[in-house]
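If you want the building blocks of each chain, they are given just below.
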Amino acid sequence: MHMADALISPAVGATMWAGSLAVLGYSSRKIRETIDNKTIPLMGVMGAFIFAAQMINFTIPGTGSSGHLGGGMILAALLGPYAAFVVVASVLTVQALFFADGGLLALGCNVWNLGLYPCFIGYYLIYKPIAGDGGNYRRIFIASLLSVIVALQFGAFSVVLETILSGKSELPFHTFVLLMQPIHLAIGLVEGIVTAGILSYVKNARPEILDTGAVSRPPAAGLPCKNILIVFVVLAVLTGGVLSWFASTSPDGLEWSIEKVTGKGELAEQEKGIAPVLKEIQEKTAFLPDYNFKQAHKEKPETEKVPAWPGIDTGTSVSGVVGGGIVLGIVFLIGYGIRIFKRQ
Amino acid sequence: MAFDSQYYNVGYLDRLSYQDTFVHRLDPRTKLITTLLFLFTVISFSKYEVAALFPFLLFPAIFLTVGEIPPGFILKKVLLVSPFAIFIGIFNPLLDHGQVAILPGLTLPAGWLSFASILLKFFLTVSMALLLIATTSFPTICHALRRLGLPSIFVSQLLFLYRYIFVLGEEVMRIVRARDMRSYGRKGTEIKVFVRIAGVLFLRTVERAERIYFAMLARGYEGDMPVSKKYHLTTSDLAFALSVIVCLFIFRCYPVTQIIGNFFRGIFS
Amino acid sequence: MSHHIVEFKDVCFRYPDGTEALHNLSFRIIHGESVGIIGANGSGKSTLLLHMNGYLMPTGGTVNIGDLHLTRKTRREIRKKVGIVFQNPDDQLFMPTVYDDVAFGPQNLGMDEEDVQKRVRAALDLVNCYDLINKPPHHLSNGQKSAVAIAAVMAMEPDILAMDEPAANLDPKSRRLLINLLKTFEHSKIIASHDLDLIFDVCKRCIIIREGTVAADGPSQDILTNKILLEENNLELPLSLQRR
Amino acid sequence: MSHHIVEFKDVCFRYPDGTEALHNLSFRIIHGESVGIIGANGSGKSTLLLHMNGYLMPTGGTVNIGDLHLTRKTRREIRKKVGIVFQNPDDQLFMPTVYDDVAFGPQNLGMDEEDVQKRVRAALDLVNCYDLINKPPHHLSNGQKSAVAIAAVMAMEPDILAMDEPAANLDPKSRRLLINLLKTFEHSKIIASHDLDLIFDVCKRCIIIREGTVAADGPSQDILTNKILLEENNLELPLSLQRR
Ligand SMILES: Nc1ncnc2c1ncn2[C@@H]1O[C@H](COP(=O)(O)OP(=O)(O)OP(=O)(O)O)[C@@H](O)[C@H]1O
Ligand SMILES: Nc1ncnc2c1ncn2[C@@H]1O[C@H](COP(=O)(O)OP(=O)(O)OP(=O)(O)O)[C@@H](O)[C@H]1O
Ligand SMILES: [Mg+2]
Ligand SMILES: [Mg+2]
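Protein chains in written order, with this note's numbering: chain A, 3 to 346; chain B, 150 to 418; chain C, 237 to 480; chain D, 237 to 480.
Source of the hints: derived by calculation from the structure; they are not laboratory data.
Please read all numbers here as calculations on a predicted model, not as lab measurements.
Ideal Cβ placement from N, Cα and C applies to all residues, glycine included.
The reader is advised that the hints may include incorrect statements.
What the hints assert, rightly or not - Pairs of lysine-lysine residues, derived as DSS-like cross-links and limited to a Cα-Cα distance of at most 30 Å, are as follows:
| id | chain 1 | residue 1 | chain 2 | residue 2 |
| --- | --- | --- | --- | --- |
| 1 | C | K371 | C | K245 |
| 2 | A | K344 | B | K225 |
| 3 | C | K354 | C | K371 |
| 4 | B | K341 | C | K371 |
| 5 | D | K309 | A | K40 |
| 6 | B | K225 | D | K371 |
Unchecked claim - Examples of chain B residues lying across from chain A (beta carbon under 8 Å, computed):
| id | residue |
| --- | --- |
| 7 | A278 |
| 8 | I282 |
| 9 | Y313 |
| 10 | V344 |
| 11 | G369 |
| 12 | L397 |
Based on the sequences and whatever the hints tell you, model everything.
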């Protein structure tokens, strides 16, 4: 469920980047204060572990399809939330670069969705209180299952919000939510069981790793409440930020998405969606030479108002189709030319 | 065998990034920033914009050819990750029924237009991100990130991650091979076995981290990863950045495709 | 018994990242032979072994095991015939106890518990490790791990045994025990190793791989005493043949 | 030069899980000596090496390196004197390129960029790997990795070099190159290995460890030719001394 660049708007992308960077900076400072040198290489290899573990396929009982490990909760349980967040962020960065999972602009969204929720909400609100320090097998099991599921639900919901706010997709809010949340409930169930299994295995074989800290963790006492508060404040501010930014850069879009969210007026929204765009294009072309042809048509569609669709301008779109083909040809020729030139 | 093809792809990209061409030699900071600008420009187009996106194909085309990256590989990778974008985008034609005229006599539902726009944006953003990593070795990207002010802990995590992906990847591959050899099809791939394998791998990773830590101590590590200052901006970096920015500006603000289209229609009519 | 033949015909293999690891490699091993595969680092030995049960599929040429031609369809069948022991026993022992580990293969073959137990017992007896049956693998010594890894493969009663660097990290005594163990197996054996003395002791025949192709193939007695040939291939005389 | 002495006095060490890995172990190595540490799997060789610069602290007895008594306070100082190369080069080449890796030590010593470059160059020249300077470690062969790992330690210019199983997984030619390389170092050298031929070639003196204590200590010439002593310790004659 990685967000993709193509689905987000610059405003959403930039906001989420800012949010994730802020948490990243905060976590890094925290790590410096609370964790000893030994943990730095451990964090690094643990990132590689998450990667490697994702390469092991397994069969989900009853379905025959295969699943893989997400890993945020395992990291949080082993390393504590701050270090885990930094590791998740680095894993996602590598995924964005090498696997093109998501994308560079959507990276902010993905770090937020897949890192923040398990590491802070899942860990502090659910895992830590239930599993306690060390804990027994049953508590570990319940704690990991619940925290993974909840974190994934949050993540999935954020994907929906980010997509809707970006306004690139026509999916109505409620349909999208109904699609995403149940899917991620199922995924969370499997991942939760797997996480619980691995943590129990580790507890069995090397109890000291989870209990006292072969790894030094930041002291848990006192911190959680404050942190969760901070997280929620940041969340609220960010959401507000997204909305207001969106409002200022693209009022149509905001109106659009709010209508979407409330679920009314699909047709009205389409008119708003495309008309200004076409108009903008026309205005821009008007500055340029060679627009006589279009000038003739320019006023026409505005007045013509076919009921089905307002903005028909065959002039611009024909040019678009012809131009598109030619641009493709030019790009191809340039590429080919460079290749030939390089061969010599 | 799906798991190792993913791994091999990383290896292949990684090898490509150590080639020596004009693009490879550019300063990583320049490439990173111009790529980000490119991405922002592309996704800033409205949801129905298709034609104006075409000129942006010039960037991947130039990176591909100057950087000597095989186009087939990039195409395949883009296809591989496309399902999510397609899944989200395919609803547009289904839900958005407004008609829009493309050619005289040919109208299409507007949803197809926004779908095409998503696909085109998807292709542009994904291929440029891949081309960035195919033409810039990962360690140099990390140096660039460090110089651009990201936290040093995060950057050293990236470096460790990069280094040990390959080591642990091989290790996992050997373990999975041993499992598959004795499991005849699906039987050995239950969650139970997976959990154990992951558990074993986990413990071995913790032990490896300990050995790495010893090796680091042996070489004077005291908590800070040293930074070396190897990169300097050159005039070709500046020229490159400047021309990219100018092109982006032109492509963003002027409907280049339509102008060209008009121009040719003018010639033939 | 024609069905224990291993035949590689013009096998080529290119890793997806572009490395050409095998190149027109051909050889044929008949039933009961013991063959050593030697060559420099990176010459393609491990890659070759991975073809023996379809873990990698040749990108050119053909592999035949017994009557079966290696394809995606037949490889499950072929895996029952060929048992491979890789270099690092830690990679192979992933179950919580020695018993579970050795039983893993037979259980997956769908045998009932009683037969599984018999197989496990027989396999562990073969390598003299029956006492370890309830230990977790991470409490074993390196030598014991190697032996258990071999037992785990033997429990599947393969017709052909392939091993990659079986003696790495063993102390000299454990290594000697392993050599004696290998000598008693009647199976066809294929062993890839840098330990030319071990190859000399265990294998009658020897194949030198260079850059993914066969550079020499013949009796160990001839090949491992041919100093010039060996040195051309980044090898040297077995230490026991070197004078001090 | 008294300050290159390594002295273990009645060293005991118990792992947290209760395994007693070293038990009243004592020896003394003077400047310029080359010493081989041999013994069965699990006899305590690696544990011993980990004491040489304080990764593990003895639970009993004392370790002196040069004039310094090993304590938590002195171990940083001691680490500059003793360079340890562990068995698996992958664990030691933790930086993304060869240059960064070899430069890691000198940079941590606080040297400026120019001096660092000189050191890196000198260290890589020493092991004949200067060409690899910009490669990432995962593009190197096993032999190259070992060589670079040694260079990385040599760049710290230690007075004493300790190595654990330096030749594992190398092909015979690379192993021979490594042996020749080791012979040219003038440092005090301490090498733990199962490769008794390598020890015989490189080390003048030899210590046998059994169950965490010294079972024999003397010239390699005597110890490595004493068949009975070796066999008591799970070892055997170096292969080059065995007759066929
Ligand atoms: N997973 C992989 N991806 C890409 N190339 C690989 C991979 N594994 C091996 N190679 C390459 O294939 C060639 C043959 O490798 P292989 O491991 O078969 O050699 P080997 O003879 O077993 O070497 P060694 O003696 O070091 O074990 C080498 O050039 C190696 O770099
Ligand atoms: N981390 C550890 N925790 C507990 N026991 C350990 C640990 N590492 C080693 N041991 C035990 O300490 C003893 C000595 O181990 P060590 O690794 O020093 O042996 P070695 O001589 O290096 O063996 P090898 O030749 O197999 O490398 C062994 O009994 C081993 O099982
Ligand atoms: Mg090999
Ligand atoms: Mg050891």
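Checked hints:
1. A C-alpha spacing of about 43 Å is found between C/K371 and C/K245, which places the hinted pair above 30 Å, so the restraint is violated.
2. Simply put, A/K344 and B/K225 have alpha-carbon atoms about 24 Å apart, close enough for the 30 Å limit, and the pair holds.
3. A C-alpha spacing of about 18 Å is found between C/K354 and C/K371, which places the hinted pair at or below 30 Å, so the restraint holds.
4. Distance hint between B/K341 and C/K371 is fulfilled; the C-alpha atoms sit about 19 Å from each other, no more than 30 Å.
5. For the suggested pair D/K309 and A/K40, the alpha carbons sit about 18 Å apart, so the restraint of at most 30 Å is met.
6. A hinted pair counts as satisfied when its Cα atoms are at most 30 Å apart, and B/K225 with D/K371 qualifies at roughly 27 Å.
7. For B/A278, the suggested interface contact is upheld, since its CB lies about 5 Å from the closest CB of chain A, less than 8 Å.
8. Proximity of B/I282 to chain A holds as hinted, the smallest CB-CB distance being about 4 Å (cut-off 8 Å).
9. Interface restraint check for B/Y313: the shortest CB-CB distance to chain A comes to about 4 Å, inside 8 Å, so the restraint holds.
10. Residue-level restraint check for B/V344 holds (minimum Cβ-Cβ distance to chain A is 3 Å; threshold 8 Å).
11. Among the interface hints, the one on B/G369 is violated; its C-beta lies about 12 Å from the nearest C-beta in chain A, farther than the 8 Å criterion.
12. With a least beta-carbon distance of about 13 Å to chain A, the hint placing B/L397 at the interface is violated under the 8 Å criterion.
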